Structures are given as structure tokens and as C-alpha cells.
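Trainee: Given chain B, work out where chain Y should sit, using these hints.
As they're listed, the protein sequences go chains B and Y.
Residues in the first sequence are numbered from 11 upward in steps of one, following my numbering.
Residues in the second sequence are numbered from 3 upward in steps of one, following my numbering.
By construction, these hints were calculated from the structure, which means they are not laboratory data.
Given the structure is predicted, the values throughout are model-derived calculations rather than measurements.
Errors might be hidden in some of the hints.
[Unchecked claim] BS3-like, lysine-lysine: derived pairs with alpha carbons at most 27 Å apart:
1. Lys132/Y - Lys127/B
2. Lys111/B - Lys7/Y
3. Lys111/B - Lys73/Y
4. Lys132/Y - Lys73/Y
5. Lys107/B - Lys73/Y
[To be verified] Partial chain Y-side listing against chain B, Cβ under 8 Å, derived:
6. Ala120
7. Ser124
8. Ser128
9. Val134
10. Arg137
[Stated by the list, open to error] From chain Y, some residues computed to sit far from chain B (all C-beta separations above 12 Å):
11. Ala21
12. Tyr36
13. Ile38
14. His42
15. Leu83
16. Leu111
We put the CB at the ideal spot given by N, CA and C, even for glycine.
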Amino acid sequence: MKAALAVETDVALEIRPAVAADVPLVIALDEEVTGLAKPDYWQDTFERFGARQRGERFFLVAERQGRVEGFVIGEIRAWEFGSPPCGWIFAIQVRPKSRLKGVATQLFDAICDCFRKVGVVNIRTMAARDDITILSFFRSQGMMAGPFFELEATLE
Amino acid sequence: MKLQKATCFALFAVLELAADPARQLAAAEIADKYGISQHHLAKVLRYLGRTGIVESARGIGGGYRFTGNSKRLTLMDVIELFEPIEPTHRRGEELRPTTDVGRALRVVLNEVDEQALATFRSITISTMLKIVSLRPWAANIRERQSSAESRRSEARHR
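Just chain B, with the same shape it has in the complex (with noise of 0.2 Å):
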């Protein structure tokens, strides 16, 4: 599978699925983009999507010279509130330092890879209104607005 997910397009740069030692690399990525530590998430996200993989669930990391420079999550959800099986991506990381160099775009190439090997032609995802920078990058990968609304309340 490793040398399958290998991206070719920027020699230094490999796309694979993550190991347990990329774990730490991956909680101190997130600290250093979201300044918080989450290790236990990390830890419990790498346990479900990275080493307990069904060919379903896809745990990527970008990798150049043995540093993560980023990572992408995603699954294959299926017939919530009627959806056809559907590609979910829900975390997308790069480095600050190494963005606006393709990184984030060849991450999202290759899980999309990874759906369509399973079958898969739509993919979705989630992203905060207000994060422009996440949802420019989406919308330059040809994600546009799809056919469900995320709703939410507060609970009294």
C-alpha cells in the first residue's frame, strides 16, 4: 500500500499511510498550527484510522526527509440521513512553513485516491465558516457547497 499512496511529483515529498512514530510528529504538528496539545485525540485517531485500517478509514502523512510536514484524515460513511457511501474528509494539516507548496494538494490527491480505489465518487467535508483559508483550499480542489446543511444547537 505504501508504495502505491507514493506521490511522485515531488521526489522529497512522500505520501504514506501513518505509523505509530509519526504519531508524536503529528500532535506536535497540530500544537504548533492550533496551539494546543490534544495527544490523547491523536493517540485515540491514529489508533482508529491508522492502525486498525479496514480499507475504509485512510490515515495519510506527508513526509519529506523524516519530518511529517502534514497529514489527512478521512473514511467512507455510508447512508447517514440517505447519503450514498461518501469519501469524509476531516482533518487536513500543513506546517505553516511548508504551505503554498503543494503539500495540502497532494495529500488531498492521494486520499482521493484512496476513495476512488474503493469505489467512491463523492467526497465532503466540514469546514468552519469563518476558516477562509480552509475553505479556499477545499474549493480550489472543486469543492463547492453539496446538498445537505450542517445544523446545530445549543442544548438547555
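Mentor: Same frame as chain B, but now just chain Y:
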């Protein structure tokens, strides 16, 4: 949501020019293509020129060319030059905001506004050009590009 005429003209011009930043186009050429007033478009282009999004070249063969950054310039950046885009809560008294119904209407209209604003803010000119080229109605553009590529390929093999 309805955009004002000048805003639409600006978007037509920016997208037309940004599709090929090396190309200069006269206001008349753009006006002809979109069936719009050349006089009105010229005014819009002059304003876009003052903002640095386009640049004008005078004389024979003159016209306008795109000088902005298509990967950074958003639809919102262009729209805001020509009309105020404000959430409902900043608008006047027509919703009667002192009444419960008025306040409730304002909440719903704000939701609509926020979606629209986020959409305009997150779509760059570069992304917009991708949407134009990927959609079925752009099939003729793809055909032209394909024909041009075939001609170039034939020329290379001659």
C-alpha cells in the same frame, strides 16, 4: 442574492482578463462578448484600474490586462469595490428590529447572509476560472483547447 449591474460587469471583466493575464482586451471586446454597455463597462474598468486589479494600455492595440493575484483575489474583494455587502443586522430599520418578529427575521436573514459572505470570501478568481472550465457549459472552451492542442501536436510532427 442579486448583484448590482456594475458588480456583475466587474466580475465579467476580471474573469475574462484573468483567464489569460498576458492578453490585453479592449472594453469593447468584453462588452460585445457579454452584450453589455461598453460605456458602463469602461467606467467599471477605469475603477478596477485604480485599484490595481487591471492595468490599461493606451494607443493602438491598447486595452486592459489583469494584474491582480488570481490565487489571492476573491469574489468578495471585487464585489466589495462596487457595493456594500453587509450582514442584515447592520442594515436599516425595515425589519422592525424592536419587535420579536423583526428580531426573528433578522436571525434567519443573517444565516442566509453569512452563508453568502463565506461563499464569496472563499472563492478566488483562480478557483472561479476552474469552475468555468470544468462545467459542461464550458465544453466549447475545452473543445477549442483540445483543437488548439491537436493543431500544435500536428505542427510538431510535421
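Trainee: Could you run down the list of hints and mark each one as holding or not?
Mentor: Results of checking the hints against the structure:
For the proposed pair lysine 132/Y and lysine 127/B, the alpha carbon gap of about 25 Å is at most 27 Å, so the pair holds. For the suggested pair lysine 111/B and lysine 7/Y, the alpha carbons sit about 38 Å apart, so the restraint of at most 27 Å is broken. About 13 Å separates the Cα atoms of lysine 111/B and lysine 73/Y, which keeps this hinted pair within 27 Å; it holds. Restraint check for lysine 132/Y and lysine 73/Y: the C-alpha separation of about 11 Å stays at or below 27 Å, so the hint holds.
Our distance criterion of 27 Å between C-alpha atoms is met by lysine 107/B and lysine 73/Y, whose separation comes to about 18 Å. Interface restraint check: alanine 120/Y against chain B, minimum CB-CB distance 4 Å, threshold 8 Å, status holds. At its closest, the beta carbon of serine 124/Y sits 4 Å from a beta carbon of chain B; the interface hint therefore holds under the 8 Å criterion. For serine 128/Y, the interface hint holds, since its Cβ comes within 8 Å of a Cβ in chain B; the closest pair sits about 7 Å apart.
The beta carbon of valine 134/Y comes no nearer than 12 Å to any beta carbon in chain B, farther than 8 Å, and the hint placing it at the interface is violated. Violation of the interface hint for arginine 137/Y is found here, the shortest Cβ-Cβ separation to chain B being roughly 11 Å, above the 8 Å cut-off. No Cβ of chain B comes within 12 Å of the Cβ of alanine 21/Y; the nearest lies about 16 Å off, and the non-interface call holds. The claim that tyrosine 36/Y lies off the interface holds: its Cβ sits roughly 23 Å from the closest Cβ of chain B, which is beyond the 12 Å cut-off.
Chain B leaves isoleucine 38/Y outside its interface by the beta-carbon criterion, the shortest separation being 26 Å against a cut-off of 12 Å. With a cut of 12 Å on Cβ distances, histidine 42/Y stays outside the contact zone with chain B, its closest approach being about 30 Å. Remark: the non-interface label on leucine 83/Y is consistent with the geometry, its nearest Cβ contact in chain B lying 18 Å away (cut-off 12 Å). Even its closest Cβ contact with chain B, about 16 Å, leaves leucine 111/Y beyond 12 Å, as expected for a residue assigned away from the interface.
Comparing the model with each earlier hint shows violations of hints 2, 9 and 10; every other hint is respected.
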